Each structure stands twice: as C-alpha cells, then as structure tokens.
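Student: Take a look at the letters that make up each chain.
Number of protein chains: 2
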Amino acid sequence: MTENQSRRSFLQNLGVGLGTTAAAFTVPSLVSIPESKSKYEGKKLGIALVGLGSYAKNQLAVGLEQTPNCYLAGIVTGTPSKAEEWMKKYNIPKKNVYNYQTFDQIADNKDIDIVYVVLPNSMHHEYVIRAAKAGKHVMCEKPMANTVKECQEMIKACKDAGVQLGVGYRMHFEPFTKEVIRMSREKVFGNVKFINSNFGFTIGDPTQWRLKKPMAGGGPLMDVGIYCVQGSRYITGKEPLAVTAQFGPITDPTRFKDVEESLSWQFDFPDAVTVNGFTSYKTNIEQLYITYEKGFVQLSPAYSYGPIKGRTSQGELNLPIVHHQANMLEAIAREFLETKMFPSHISGEEGLKDMKYLTAIYEAARTGKKIKLA
Amino acid sequence: MTENQSRRSFLQNLGVGLGTTAAAFTVPSLVSIPESKSKYEGKKLGIALVGLGSYAKNQLAVGLEQTPNCYLAGIVTGTPSKAEEWMKKYNIPKKNVYNYQTFDQIADNKDIDIVYVVLPNSMHHEYVIRAAKAGKHVMCEKPMANTVKECQEMIKACKDAGVQLGVGYRMHFEPFTKEVIRMSREKVFGNVKFINSNFGFTIGDPTQWRLKKPMAGGGPLMDVGIYCVQGSRYITGKEPLAVTAQFGPITDPTRFKDVEESLSWQFDFPDAVTVNGFTSYKTNIEQLYITYEKGFVQLSPAYSYGPIKGRTSQGELNLPIVHHQANMLEAIAREFLETKMFPSHISGEEGLKDMKYLTAIYEAARTGKKIKLA
Numbered sequence: 000m001t002e003n004q005s006r007r008s009f010l011q012n013l014g015v016g017l018g019t020t021a022a023a024f025t026v027p028s029l030v031s032i033p034e035s036k037s038k039y040e041g042k043k044l045g046i047a048l049v050g051l052g053s054y055a056k057n058q059l060a061v062g063l064e065q066t067p068n069c070y071l072a073g074i075v076t077g078t079p080s081k082a083e084e085w086m087k088k089y090n091i092p093k094k095n096v097y098n099y100q101t102f103d104q105i106a107d108n109k110d111i112d113i114v115y116v117v118l119p120n121s122m123h124h125e126y127v128i129r130a131a132k133a134g135k136h137v138m139c140e141k142p143m144a145n146t147v148k149e150c151q152e153m154i155k156a157c158k159d160a161g162v163q164l165g166v167g168y169r170m171h172f173e174p175f176t177k178e179v180i181r182m183s184r185e186k187v188f189g190n191v192k193f194i195n196s197n198f199g200f201t202i203g204d205p206t207q208w209r210l211k212k213p214m215a216g217g218g219p220l221m222d223v224g225i226y227c228v229q230g231s232r233y234i235t236g237k238e239p240l241a242v243t244a245q246f247g248p249i250t251d252p253t254r255f256k257d258v259e260e261s262l263s264w265q266f267d268f269p270d271a272v273t274v275n276g277f278t279s280y281k282t283n284i285e286q287l288y289i290t291y292e293k294g295f296v297q298l299s300p301a302y303s304y305g306p307i308k309g310r311t312s313q314g315e316l317n318l319p320i321v322h323h324q325a326n327m328l329e330a331i332a333r334e335f336l337e338t339k340m341f342p343s344h345i346s347g348e349e350g351l352k353d354m355k356y357l358t359a360i361y362e363a364a365r366t367g368k369k370i371k372l373a
Numbered sequence: 000m001t002e003n004q005s006r007r008s009f010l011q012n013l014g015v016g017l018g019t020t021a022a023a024f025t026v027p028s029l030v031s032i033p034e035s036k037s038k039y040e041g042k043k044l045g046i047a048l049v050g051l052g053s054y055a056k057n058q059l060a061v062g063l064e065q066t067p068n069c070y071l072a073g074i075v076t077g078t079p080s081k082a083e084e085w086m087k088k089y090n091i092p093k094k095n096v097y098n099y100q101t102f103d104q105i106a107d108n109k110d111i112d113i114v115y116v117v118l119p120n121s122m123h124h125e126y127v128i129r130a131a132k133a134g135k136h137v138m139c140e141k142p143m144a145n146t147v148k149e150c151q152e153m154i155k156a157c158k159d160a161g162v163q164l165g166v167g168y169r170m171h172f173e174p175f176t177k178e179v180i181r182m183s184r185e186k187v188f189g190n191v192k193f194i195n196s197n198f199g200f201t202i203g204d205p206t207q208w209r210l211k212k213p214m215a216g217g218g219p220l221m222d223v224g225i226y227c228v229q230g231s232r233y234i235t236g237k238e239p240l241a242v243t244a245q246f247g248p249i250t251d252p253t254r255f256k257d258v259e260e261s262l263s264w265q266f267d268f269p270d271a272v273t274v275n276g277f278t279s280y281k282t283n284i285e286q287l288y289i290t291y292e293k294g295f296v297q298l299s300p301a302y303s304y305g306p307i308k309g310r311t312s313q314g315e316l317n318l319p320i321v322h323h324q325a326n327m328l329e330a331i332a333r334e335f336l337e338t339k340m341f342p343s344h345i346s347g348e349e350g351l352k353d354m355k356y357l358t359a360i361y362e363a364a365r366t367g368k369k370i371k372l373a
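Residue numbers (numbering that gives the first Met the number 0), protein chains in the order written: chain S, 0 to 373; chain C, 0 to 373.
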C-alpha cells in the first residue's frame, strides 16, 4: 500500500462519523446531477490531470467517467508506465499525454480546456502559472499553495492570461454541505452561535511528502484542517476577525520532525460566533457541529469523500449521496459552459483567503498571541 | 417566572441535544436504583436542605420523595413563608426547621444525618464549615466554593470534625455517563484521543446572582463549564497537565458587567489527549464528544437533568433514564450506610481539584499564557 493509497483509503473508509460503523465503502451514484441541459448537448470540456497520484487516479478520473459535460482528455505525468496504463484505460490519444518537460506544449492542444493540478502542494504554484501561460483554465487542489505570496502570484498569472482559476473545494457542491449552508444562511434555527469543526486522521508512511514541510507547507492543518477553516467560512458566510491557536504535543518524533502533529485553534467571527477547530495526523475525527439560537446541525463524517451523514435538532438529514469529484467537476463544467467563468465560491481569491487564515493560525500557535485578521 | 425557575426550566427543556426537539419535559422514573438491600431495611438517612431555591425545590426535594434509603428530614431557610409551605408539603416537624441564625442548633438534632448546602456559591464555604462544626456530614452543590483557599478550608473543617464531605456531582451516578466512563476506561474503542466538551445556555434575568461575581465567583465557567472540566477528568481518568483559554466577546454589557459571557479552553491531558471546551451564558449547547482510536462516543444532552442521549460509532446507546438527583442521593445514602463514607469520586478533594482547574482557566484567559498544572 502506498502512502497516498493509505491516506485516501482512510478518507473513504473513515468510519469515525455519525453512527458509522467501519463498513466497506460503496461507490456512490451521481444522483444530484440533473440531466444535462439541451444547450450543452454534445459539448464536453476536456480536462487534463497534472500528476497521477491516488487522488487523480481513484477520485478525479473515476469521477470524470460519470460527468456528462466534461471528460478526461489528457494527462501529465513523469512516469512513462503510468502514461501507458492511463492511455489504455481511458482511451487517451498519445498527443494528449505530456511529461513535466513537455507540459508547456499543452498550449497548442485544442482538446484541453482545463488543466487540473493534483501535485504535491509545493508544486501548485509553478504548474498553475505554467498552465495559465499556456492559455488553459486551471483547477488547483487544496491547499492552493504553500504561502500567501504564491497564491497572489497564481491569481495574477491567471488574470494576466485571461484564464479561470478554481480551487478543488468539493464540499461546496456536496448536498449535505449545501443544505447546511442553506439552513445557516436562511436562519432555519436562528443565528449561528458556535461551531466545532474538527478533521484529523492517523497518517501512515513516515516517508511521505505530507510530512515534509518544504513539499506540504505544514502538517494536518494544510492537508485537512483547511476543510475546517473553509467550513466555518461557508457556514457563517463571514470572515474571521481574530484567531488564537495551540500546537498539540509531539508524540511521534519520527513522523513529526518537520510539521505539527496536531493543532487547535479558536476563531472569533462577527456577531460573537466562536469557532473551535482541531486537526491532527494522529487522531481519527471528522465533525462539523453547529449550534444555533434554536437548535443544532451536525455533519459527521463532514469532510471526507463520503458518504457524508447529517442530523439536526429536528432529526436525521436524508439527502443524496454523490460522488464528490464527479459532482464538483460537472457543476464547474456547466457553470463554465453557461457563463465562461468558474463558480465564484471556489475562486483563487477564496484559496488565498484560506491561506491567509492558515498562516495566521500557525503564527498564533507559534507566538501564543491572538492574531487580528480583519 | 423567577430567575432560577427560568434557568432550571432551561436545563430541563434544553432541546439542544442529540435529535432532541424542544418537547415537554417528562418526569423520569427511577429505574436505575435496584431494590433496597435487606440490610438497609427501615433505615433512612435524614437530609436537611440549606437554601430552598429552585434546585432544592424542583430537583432535590422531588428526588428525595423517590429514595428508599434517605429522605427530606429538615430545612434551613430565611423565608418564613417557605418554611410553612415546605413543612406542610413534606410533613417536616417544626423542630427540624431552621433559619440562618438558628442553623448551628442543628448539632442537637438526631433526625439530621446529612446537611445539603444549596446556597449561592459564595455561601458554600460558610455553611459547609458551620455544618461540619455542628457534627453533620455535608453535601455541597457545585462549584464547591469560589476559591481554592475556601475549598481547602472546607476540607480541613470536615476532616477536623470527622464528617464526610461530598460535592453534588450528579453525573457520576447517571447511567449514560457511567457507561461512557466504563467504555473509556475499558478501552472499548481503544485509547481516548480527543474530547470536545461544551455546555452553555442562554441566561435570563439580568439581576440574578449568577451574574454577580462576588456571589457566583465567575460566569458560565463556574456554573456549567465545570461540568465540562469534570467530564474530561472522569472520561480520561487523568488530570490535565496544562491549559490555555480565551474569553469570548461581550455582546451584552448589561448582563456581563462582572463575569465572562463565554469562554473557550484547551487542556493538555496525559497521553497527548487534547480536550477543547467551551461554555457560555449566551449559547445553548451541550455536548460531550469523545474520539478514540477506533470510534467515537457522543452524549448530547450530556450534562443537564436529562434525558441524557448517547450514541457511539456502533449506534445509539439505550440506557435507563433516571431522576438524576434521586439517583445520586440514593447512591450516596447506600454507600454511607455500608461504609460510613461518601463515594470518593464526589469528595471535597475532587471539588478542590476542579476549583484549581477553573482558577487556572481564568488565569490562562486573563494572561493569554499557557498555565502548567502538573
């Protein structure tokens, strides 16, 4: 089992959520995508995946087999054997296969509408900018990059090139998450008062890039804590005002030479909403618990590939179980076919904001000070 | 509606827990108390309540009507009309009725085995010590007092007088809580990894003593946050090593002139267990969420008068719904009849430990520093 398989398998089989037993993962159907509108008939956006790790292979490529309005048109990989395998499996013509040296020639390839960067975090900056310079619209995995400055440069490069930039924030398209956002914004239970947002898992292979700060930019906060930060923003629809944070103890110095093992933080949001977050590479936890004036909502699992489960003070939430990546990519494709833009809530600016908050959390934890954000 | 009625009604009707709607409170049956053992036949400890506020009236006195081995034998009140009312209702002889001036004469009253102090926090110290000097065993409501020094003096007074001292920590006797303690100690889901422990409610009458620091010793942390602190200790069976904490913003300066409106804290426990807590007088929340190596347990409601609800990663917890105060008082009575001692997990030493942790949380919040506890 490779390091990535180990992590991704965990995210699929988490079994730490609401009443979830560690049952086998079942591939969800794409029930939340309505029939393709006739105006898109026959039109499919071509997507090229850059980096063929586990997320590209087991989530994005699988998702792209289910999407009416976009498809896997090309690949970029440094491993010739992977190129062969993918060409066969997905019927990809050789002219749509690149390596990291030939990547920039993608500019001349009319089959490719969108480049999706699925590389380790430290490589997002370079490959998003090269994709933009090649005139391609770009999707980038989260976290958007390793630093605020990198995010700003990526946004500028895409703007200068006149291409769209999106961050792979799949939860924005997921039905339980969308319903909780709706309930929060429409004040179904009154105003939001307090949020617990936790995401952590037990990391495997001690040699993997996620444990190397130069490649990952940080530890679990960069990898999965970012979901909790995003979560508190999409639930409240507001930006945090200040943050305090604390590193947890290092119990495993072999794995955690470079990055934090666990981390807690506290956001002050407008309207006196407190958000207490926690992330870890040594604890299996995944929950979003929101208290309102007149009730509560809980998602658990809240952030992994599903099935997401939810309940409120009124009872269980029964909503469609979707394939997260198919669902996201199809929504992006349709928005683009209709408006020539990516959805605004997954924009580079959103990725940049999260990066500022992640950076502030690290600063708060390092200094012990409350960091003002607004 | 008086201030206390308002608060106590809230605790009964919380409706912020697991799948709880704000349904009418139903009086629970005392199903968890087994039939009285024959060796106690006919033996009933006499309990005198000191202070006849809402908790004494609606919880303790009601509970004492259901307890085979203890009963309401006497009262101490400064309000003659209350004395009349209670004497009639509970058939209490005039000789077992005291006011705050005559209280010390209780020393000569053979009907009274245990004095239960249910006064505002600032009065616990004086009345526990007076009860001890009168040679009576003493139960004291939580928080045990307003300061560590007061707790130490109360413990010493009881020791010097050779009487038992207990704090009204009713959750230790509650079936869901006991089951979660068992599952944690027996490692049913492996070791505890992380805990969220939250308890808050929306406070009513702005003139009530709970909002006055001299009487209450502090705000929601002293009143309900103490349950979260206790909770993290009885779940782990360990003592915290260090704490950080943060006051929430004051949005209601009329009510919160004197005490905090809300408060978050983070305990480092042994074995790298992080406990993130939150308490508030402006947010309805009540949950204990424990993540283990291989699953989770959630109680919500977790701390109010019930019914407590619980679930684990294996499914719902189905356990008896009890009257918390009857259940606690009967357990204490039986332990005392058998051993001449109160149960050790509600001892004055336990109350003192909690007071040290509450004091450290306030210090951490005030200074912004991490406070070492061990």
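Since the hints were derived computationally from the structure, they do not count as laboratory data. One or more hints might be untrue.
[Claimed, not checked] Computed footprint of chain S on chain C, listed as stretches where at least three residues anywhere in the stretch have a Cβ under 8 Å from a Cβ of chain S: (1) 73 to 87; (2) 188 to 197; (3) 275 to 286; (4) 357 to 371.
[Said to hold, decoys possible] Keeping only pairs whose Cα atoms sit at most 25 Å apart, straight-line, the calculated SDA-like set for lysine to any residue is: (5) C/Lys371 to S/Ile249; (6) S/Lys368 to C/Pro248; (7) S/Lys237 to S/Gly203; (8) S/Lys177 to S/His344; (9) C/Lys186 to S/Ile249; (10) S/Lys293 to C/Lys371; (11) S/Lys308 to C/Lys371; (12) S/Lys293 to C/Pro248; (13) S/Lys186 to C/Lys186.
In this text, all values refer to a predicted model and were calculated from it rather than measured experimentally. Just so it is clear, CB atoms sit at the ideal spot from N, CA and C, and this is done for glycine as well.
Student: For each hint given before, does the structure comply? Return the numbers of the non-compliant ones in rising order.
Tutor: 1, 7, 10, 11, 13
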